[in-house]
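Engineer: These protein sequence lines map, in sequence, to chains A and B.
Each residue of the first sequence is one higher than the one before, counting from 0 in numbering that gives the first Met the number 0.
Each residue of the second sequence is one higher than the one before, counting from 0 in numbering that gives the first Met the number 0.
Just so you know, these hints were derived from the structure itself, not from any lab.
Hints should not be assumed to be uniformly reliable.
Quick list of in silico lysine-lysine cross-link-like pairs, DSS-like style, CA-CA up to 25 Å [stated by the list, open to error]:
hint: 1; chain 1: B; residue 1: 117; chain 2: A; residue 2: 55
hint: 2; chain 1: B; residue 1: 145; chain 2: B; residue 2: 117
hint: 3; chain 1: B; residue 1: 117; chain 2: A; residue 2: 109
hint: 4; chain 1: B; residue 1: 244; chain 2: B; residue 2: 178
hint: 5; chain 1: A; residue 1: 184; chain 2: A; residue 2: 127
hint: 6; chain 1: B; residue 1: 178; chain 2: A; residue 2: 109
hint: 7; chain 1: B; residue 1: 217; chain 2: B; residue 2: 131
hint: 8; chain 1: B; residue 1: 131; chain 2: B; residue 2: 178
hint: 9; chain 1: B; residue 1: 131; chain 2: B; residue 2: 145
hint: 10; chain 1: A; residue 1: 122; chain 2: A; residue 2: 184
hint: 11; chain 1: A; residue 1: 109; chain 2: B; residue 2: 118
hint: 12; chain 1: A; residue 1: 55; chain 2: B; residue 2: 118
hint: 13; chain 1: B; residue 1: 217; chain 2: A; residue 2: 109
hint: 14; chain 1: B; residue 1: 12; chain 2: B; residue 2: 178
Simulated coverage check for chain B against chain A, where a stretch passes if three residues somewhere in it have a Cβ under 8 Å from a Cβ of chain A [to be verified]:
hint: 15; region: 72-79
hint: 16; region: 120-129
Think of the CB as a built atom: it goes at the ideal place given N, C-alpha and C, for glycine as much as any other residue.
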Amino acid sequence: MDVVIIDYGAGNIQSIRFAFERMGIHPELSDSAERISRADRVIFPGVGEAASAMAKLQRSGLDTLLPELQQPVLGICLGMQLMCRYSEEGDTPGLGIFDTVVRRFTPGLKVPQIGWNNISNLKSPLFKGVEEGSYIYLVHSYYAPLCPETVAESDYGLAYSAALARENFYGVQFHPEKSSRVGAKILQNFIEL
Amino acid sequence: MLTKRIIPCLDIKDGRTVKGINFVDLRDAGDPVELAAAYARQGADELVFLDIAATEENRGTLAELVRHVAEQIDIPFTVGGGISSESHVETLLHNGADKVSLNSAAVRNPDLIDSLAKKYGSQCIVVALDAKWVEGQWLIHLVGGKVPTEVELFSWAREVVDRGAGELLFTSMDHDGTKNGFANEALARMSEEVTVPVIASGGAGTRAHFADAFLEGKADAALAASVFHFNEIPIPDLKQYLSQKGIPVRL
Numbered sequence: 000m001d002v003v004i005i006d007y008g009a010g011n012i013q014s015i016r017f018a019f020e021r022m023g024i025h026p027e028l029s030d031s032a033e034r035i036s037r038a039d040r041v042i043f044p045g046v047g048e049a050a051s052a053m054a055k056l057q058r059s060g061l062d063t064l065l066p067e068l069q070q071p072v073l074g075i076c077l078g079m080q081l082m083c084r085y086s087e088e089g090d091t092p093g094l095g096i097f098d099t100v101v102r103r104f105t106p107g108l109k110v111p112q113i114g115w116n117n118i119s120n121l122k123s124p125l126f127k128g129v130e131e132g133s134y135i136y137l138v139h140s141y142y143a144p145l146c147p148e149t150v151a152e153s154d155y156g157l158a159y160s161a162a163l164a165r166e167n168f169y170g171v172q173f174h175p176e177k178s179s180r181v182g183a184k185i186l187q188n189f190i191e192l
Numbered sequence: 000m001l002t003k004r005i006i007p008c009l010d011i012k013d014g015r016t017v018k019g020i021n022f023v024d025l026r027d028a029g030d031p032v033e034l035a036a037a038y039a040r041q042g043a044d045e046l047v048f049l050d051i052a053a054t055e056e057n058r059g060t061l062a063e064l065v066r067h068v069a070e071q072i073d074i075p076f077t078v079g080g081g082i083s084s085e086s087h088v089e090t091l092l093h094n095g096a097d098k099v100s101l102n103s104a105a106v107r108n109p110d111l112i113d114s115l116a117k118k119y120g121s122q123c124i125v126v127a128l129d130a131k132w133v134e135g136q137w138l139i140h141l142v143g144g145k146v147p148t149e150v151e152l153f154s155w156a157r158e159v160v161d162r163g164a165g166e167l168l169f170t171s172m173d174h175d176g177t178k179n180g181f182a183n184e185a186l187a188r189m190s191e192e193v194t195v196p197v198i199a200s201g202g203a204g205t206r207a208h209f210a211d212a213f214l215e216g217k218a219d220a221a222l223a224a225s226v227f228h229f230n231e232i233p234i235p236d237l238k239q240y241l242s243q244k245g246i247p248v249r250l
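My request is simple: use the sequences and hints to build the entire structure.
Structural biologist: Here is the structure:
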């Protein structure tokens, strides 16, 4: 299995690499369009701020490549948010793969949401063998509201999308690489899609 | 529902785990990576590694430790102790740390918080607040509690959040090592005054102390060292207990 993690300078990608290595898979890190295009699986990570991450994607031309990929693509955290149409963070237009906006959590909540929350209404092969109510680890200040592409929900002041999916594109708001056995199962499912 | 986090803290010196009683009298408690893996298996929600003897020279040792932990542990972890520059933070994050914790450097150079939050995002910037009750107010102390400052705890907490801290780690130096419970009154006030999560630290001795930190202290997470290291409070027992008290925890 040839897995490529997109390395565009946005955040902690070592943890994702190590998570795959614990499964016996050795992903390559790359920002090359040619290399990414011929991978079996593409991981689109991201930590940090939306506008600057988007600018980095644009500089390497990956903003046009990503929506055209045919193989399974998994966006993680900010990666998932950038796959949406628009983010309130930095007033940032996204890749438009998922037809939803990304909003900031409402005042009155502690932001970022940091910690373990549960996921429910699981409806994607990504969650095969994952129990309803399983705990996953999240760190985020912005969220995608529930929408027709929602395939897992979580709740923080309101119900929001913990995962999105459309055709070969998948996005998770949580960090599967930091979500213990549940997270490892979800990554394994992504490999086995 | 977002759960309350239980966080074992591993004090590190020269790549080994040590335990501090009021930050003196160190006693070896094992290999950090092995200990971390054991905690992850037990259901710890997160880990903190605190380099208590950080120097310029041993930076490489710490980075190597961070890498080994990241390779083997599938829960998040924070690294702190002597972090004073952007390049140091870069090295730790690049080796797989999820968050870094700033302490003295944040007090000496508050702009560091702004620049780190801007560059790496607030989500990975924890500011540690070590404070002591001195003549009617909580004052920040540096260098493991040895050096008092004039900085008032709550105004400093608000300032670091404004500057971009994503989380606060509040240690009461008066409670640390006593095993008499957390500083719940101060914790509750802090939790009300800031908009980011607050980790309670210092004073854990019984399971009830953790419940109090969450219920009275309104903490989002609770950190402890010795009660976990010497298995005085096994984490699965603690979480069962908290759950029975109606506190949401990951079981």
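Engineer: Given the proposed pairing of residue 117 (chain B) with residue 55 (chain A), does the C-alpha separation stay at or below 25 Å?
Structural biologist: holds (15 Å)
Engineer: Run the distance test for residue 12 (chain B) versus residue 178 (chain B): straight-line Cα separation, threshold 25 Å.
Structural biologist: holds (23 Å)
Engineer: So if I understand the rule, the pair passes when the alpha-carbon distance is 25 Å or less; does residue 131 (chain B) with residue 145 (chain B) pass?
Structural biologist: Given that 25 Å is the threshold and the Cα spacing comes to 10 Å, the pair holds.
Engineer: Keeping to a limit of 25 Å between CA atoms, is the pair of residue 109 (chain A) and residue 118 (chain B) held or broken?
Structural biologist: holds (22 Å)
Engineer: Against the 25 Å threshold, does the CA-CA distance of residue 55 (chain A) and residue 118 (chain B) hold or violate the hint?
Structural biologist: holds (13 Å)
Engineer: Check the hint pairing residue 178 (chain B) with residue 109 (chain A) against an upper bound of 25 Å on the C-alpha distance.
Structural biologist: Not OK: residue 178 (chain B) and residue 109 (chain A) at ~28 Å, beyond 25 Å, violated.
Engineer: Between the alpha carbons of residue 244 (chain B) and residue 178 (chain B), is the straight-line distance 25 Å or under?
Structural biologist: holds (21 Å)
Engineer: Can you confirm whether chain A covers the region 72-79 of chain B, using C-beta to C-beta distances below 8 Å and requiring at least three such residues?
Structural biologist: Since three or more residues must qualify, the claim that chain A covers the region 72-79 of chain B holds, with 3 doing so at under 8 Å.
Engineer: Examine the region 120-129 of chain B: at least three residues should have C-beta closer than 8 Å to a C-beta of chain A.
Structural biologist: Since 4 is at least three, the answer is holds.
Engineer: Does residue 117 (chain B) pair with residue 109 (chain A) here, judged by a C-alpha cut-off of 25 Å?
Structural biologist: holds (19 Å)
Engineer: Are residue 217 (chain B) and residue 109 (chain A) close enough, with their CA atoms no more than 25 Å apart?
Structural biologist: holds (12 Å)
Engineer: Need the status of pair residue 122 (chain A), residue 184 (chain A): alpha-carbon distance at most 25 Å?
Structural biologist: holds (15 Å)
Violated hints, listed in ascending order, are 2, 6; each of the other numbered hints is respected by the structure.
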